[in-house]
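Trainee: One-letter residues, chain by chain:
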Amino acid sequence: DGGITQSPKYLFRKEGQNVTLSCEQNLNHDAMYWYRQDPGQGLRLIYYSQIVNDFQKGDIAEGYSVSREKKESFPLTVTSAQKNPTAFYLCASSRDRVGSSEQYFGPGTRLTVT
Amino acid sequence: GQNIDQPTEMTATEGAIVQINCTYQTSGFNGLFWYQQHAGEAPTFLSYNVLDGLEEKGRFSSFLSRSKGYSYLLLKELQMKDSASYLCAVRDSGDYKLSFGAGTTVTVRA
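Just so you know, the protein sequences line up as chains E and Z, in that order.
Residues 1 to 114 in my numbering are what the first sequence lists, from first letter to last.
Residues 1 to 110 in my numbering are what the second sequence lists, from first letter to last.
Hints listed in this document are in silico derivations from the structure and should not be mistaken for laboratory results.
Honestly, I wouldn't trust all of these hints.
Claimed, not checked - Heads up, simulated EDC-like pairs for lysine to aspartate or glutamate below, C-alpha to C-alpha not over 20 Å straight-line: (1) Z:Lys97 x E:Asp54; (2) Z:Lys76 x Z:Glu56; (3) Z:Lys81 x Z:Glu9; (4) E:Lys57 x Z:Asp92; (5) Z:Lys76 x Z:Glu14; (6) E:Lys9 x Z:Asp5; (7) Z:Lys97 x E:Asp59; (8) Z:Lys97 x E:Asp30; (9) Z:Lys68 x E:Asp59; (10) E:Lys70 x E:Glu24; (11) Z:Lys97 x E:Glu15; (12) Z:Lys97 x Z:Glu14; (13) E:Lys83 x E:Asp38; (14) Z:Lys81 x Z:Asp52; (15) Z:Lys57 x Z:Asp82; (16) Z:Lys97 x E:Glu62; (17) E:Lys57 x Z:Asp95; (18) E:Lys83 x E:Glu62.
Just chain E, with the same shape it has in the complex (with noise of 0.2 Å):
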C-alpha cells in the first residue's frame, strides 16, 4: 500500500536537544511538505521541497532545518533554537504543486519539549 509514514507517533525530549522526525513516503511524489498545528490555529508550514536536493523555507522555518537527500525521505530537525517547539507535526506530499494535486498526509509526531 502507498502512503506516507511518520516516526515516531509520540516524542519527548528535554530543553535544549536537537531532534529529528522521520517522514518517508512511497508515492513517487515530487513535493514534499512538513506543517505544524497547534490547538486553535491552522497547519503553518515549516519547510517544504520540490525535488531532491532542494527545499524552501515557510512561513515559520526559524528553529527548524531539513534534508532532501532522497526522493522518499524529507527529514525535520527540530533544533534547540526553536523557542516552542511542543506542537503536532504533519509531513505531507503531493504529486507536484499545481492543479489539482492534492497533499497526501502522514500520522503525525506529536513532540512535547519539558
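With chain E's structure known, arrange chain Z on it following the hints.
Mentor: Same frame as chain E, now just chain Z:
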C-alpha cells in the same frame, strides 16, 4: 498572503445537513481545498475547487465563488463518523503554498 476564516464549532443531528463556510482574502488564488481531520489523526482530502460552482461527491459537496472569496462545504445525511474538524485551505497563485484556516469542529449528535 492569505487570510482564511471559518467558524470554530458547529453541532448538528445525525441525518441532518450542515454547511461550513470559509471566507478568504488572497493576493492570488489558485484553488481551494477541503480536508477532514479526526482528532489526533492526519487530514484527509475531501474536495478541490478552482472554478466557480458546486462540486458534488457523494454526501459531500463544495461550492466556490471566487469573486466573493467564499466557499462552503456541505455535509448531507450526517453520520456519527462525520464528527471531525474540517479544514479549508487556499493555494496561492504566486508560490503555490497552501494556507489553512483554523478548522471547524463538527459534532454530530444522535
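Trainee: Kindly indicate which numbered hints from before are broken by the structure, ordering the numbers from low to high.
Mentor: 6, 9, 11, 12, 14
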